[in-house]
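Student: Whatever position you read off the sequence shown (first residue = 1), add 865 for our numbering.
Don't read these hints as lab results, they were simulated from the structure. Treat the hints loosely; a few may be bogus.
[Said to hold, decoys possible] Straight line, CA to CA, 25 Å or less: simulated DMTMM-like cross-link-like pairs of lysine to aspartate or glutamate:
| # | residue 1 | residue 2 |
| --- | --- | --- |
| 1 | 897 | 927 |
| 2 | 897 | 868 |
| 3 | 897 | 923 |
| 4 | 897 | 914 |
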Amino acid sequence: GRESYLVGQNDRAVAAFEEARAIRRTLGDRRKQSEDERWLARVAWFLGDDEAVRRHCDQAIEVAEPMGESAELARAYALRSQILMCAEETRPAIEWGERALGMARAVDDRETLAHSFINVGCAMLMAGDPAGRARLERAL
C-alpha cells in the first residue's frame, strides 16, 4: 500500500490497505489495523475526500483505544489534531493535539511528539495565540 501511495497509484494503495486491514481485523492485530486506517485517511486526504479522512481517523482511534496507552493511539490522536487544524477548527485541534502530546510522551514516541507540537503550534497561531511559536520550536 505505501509504495502505491508514494508513486500516486491511489486506487491500488486503497485496495492494498483495505485488504491488509481486513486480514488484520481477522487476526485481531489492532496495532496494524489502526495503522492501516491512518494510511487510508492519508490517501483519502490526498484525494480530497474529507468524509473518508474523518471516517478513517475515527476508525483508527476506535481500534487503538482498547489497547490503552500506545504509540498507535498517540498517532491516531495526532492525525485527528492535524485534520482539525487543517480545517481551521483550532480549539478541538489544540485539544486533540494535547492528548496526542501526553500519550506520545507516555510511550516515548518522539516522531508523534514532533508532529503534535506542529499541529498544536499551528492551531494556536491560527487562533491568534503567539505561544504557538514556542510549540513549533519544540518540534525541532
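Student: Now tell me if each hint is right for this structure.
Tutor: Status of each hint after checking the structure:
1. With a C-alpha separation of about 13 Å, the suggested pairing of residue 897 with residue 927 holds against the 25 Å cut-off.
2. Taking the CA atoms of residue 897 and residue 868, the gap is about 17 Å. The hint holds against a cut of 25 Å.
3. For the hint pairing residue 897 with residue 923, the CA-to-CA distance comes to about 15 Å; that is within 25 Å, so the pair holds.
4. With a C-alpha separation of about 23 Å, the suggested pairing of residue 897 with residue 914 holds against the 25 Å cut-off.
Hint violations for this structure: none, all hints satisfied.
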